Every structure is written in structure tokens, then in C-alpha cells.
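There are 2 protein chains.
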Amino acid sequence: MPTYHATIAITLRPSILDPEGKAVHQALQNLGQTSVQNVRVGKRITLTIEAKTKDAAYDVAETSCQKVLANPVTENYEIEIAAAAPSAA
Amino acid sequence: MPTYHATIAITLRPSILDPEGKAVHQALQNLGQTSVQNVRVGKRITLTIEAKTKDAAYDVAETSCQKVLANPVTENYEIEIAAAAPSAA
Numbered sequence: 001m002p003t004y005h006a007t008i009a010i011t012l013r014p015s016i017l018d019p020e021g022k023a024v025h026q027a028l029q030n031l032g033q034t035s036v037q038n039v040r041v042g043k044r045i046t047l048t049i050e051a052k053t054k055d056a057a058y059d060v061a062e063t064s065c066q067k068v069l070a071n072p073v074t075e076n077y078e079i080e081i082a083a084a085a086p087s088a089a
Numbered sequence: 001m002p003t004y005h006a007t008i009a010i011t012l013r014p015s016i017l018d019p020e021g022k023a024v025h026q027a028l029q030n031l032g033q034t035s036v037q038n039v040r041v042g043k044r045i046t047l048t049i050e051a052k053t054k055d056a057a058y059d060v061a062e063t064s065c066q067k068v069l070a071n072p073v074t075e076n077y078e079i080e081i082a083a084a085a086p087s088a089a
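Sequence lines, in order, name chains R and A. Throughout the first sequence, residue numbering follows the working numbering, covering 1 to 89 in sequence. Throughout the second sequence, residue numbering follows the working numbering, covering 1 to 89 in sequence.
It should be emphasised that the hints constitute simulated quantities derived from the structure, not laboratory data. Just to be clear, a hint being listed does not mean it is correct.
Copies of the same chain look alike in the list, so a pair counts if it works inside one copy or between any two.
Here are the simulated SDA-like pairs of lysine to any residue, each with C-alpha atoms no more than 25 angstroms apart in a straight line [stated by the list, open to error]:
hint, residue 1, residue 2
1, K52, I81
2, K54, P72
3, K43, P19
4, K22, I10
5, K67, Q29
In this text, all values refer to a predicted model and were calculated from it rather than measured experimentally.
Just need the whole structure built from these sequences, with the hints factored in.
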């Protein structure tokens, strides 16, 4: 069965306060990176999925986001699916 | 001065063990998502940068990665720069 890589970006919704981003912003300011105006920190998760089709792989990734990876109240997610390079199996 | 959004993907190098990814993988298996073969968890950071040019914004983002955001021994980073939508200032 073909293998796909799902790259998932999980970001806090814009209305949610991001203390980690604020901390990174302050650290950058202290190091002289004063042109940085704002920082938001999210997650980037890569799933390796065995599926018959790209659509089936997308469905697995979306279900994973809804069940485990993202908090639907505070976070948004975006999914990109790409075929994995064929392995020399 | 124009504003740019730098989207930074920080990933563990492939040779580095990812315990968070293993935990997520196990959780997905337990929930029946058995077609997921592997999980890697990284960070996705968005910087809002005021800079004269796109290249200048890239330089700020790269310096930020090297100084604060990424651990150069264990992590890789990728930077994408996009012009921010003009605000109605």
C-alpha cells in the first residue's frame, strides 16, 4: 500500500492568548531583534500514513487531528498530504 | 515599513529520538488509527516582522532561529516569508 506524509500545522486561534509566544517575543527583544512585532507558537506534526489513496490518507490525518492532536476549542489545524518517496523495499 | 509573516517549521533531526511523537503514535494506535506508521512532533512558529525588504525579514527570522528558536545540534528549521496583508491603519 502506498505511503503518504501528512504535515499538520496546529495553531492557537487568534483570539487565544499565547504565553509561550510572548516569552519568545521577550527573549528576542532582549537579544536585540526589535523588528519582531509578534510571535505565535504552534505545533507541526508529521504523520506517516499507509493508505490506498491520498484522500484516504487525508481522512486518517483529519480524524487524528479531531481525536488526539488538536483541541477544537482553542486550536485550528491545517493538513497537507504528500506522497512519500518510494522506499527501496 | 512593510510587515512580513515568517512561518518557521522546527523539526527534530531524523536521527534524534522523539518521545512526544512516540506517545502520540501510541495514542493513535489505541484509538484505532492503525494506518499511522510514524509520528514526529515539531514546532511551528510565526513571527510578524517589520522590515524594509523580504530579504531583510528573512535575515531577522534566520537570526532568531539561530539564537533562540532552534537547537542547532538536534533540530532543523525551515523559513517561509510572506508579505502580510496591508492593515487598514
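#### Entry: List of violated hint numbers, smallest to largest
Of the numbered hints given earlier, the structure breaks none, since each of them holds.
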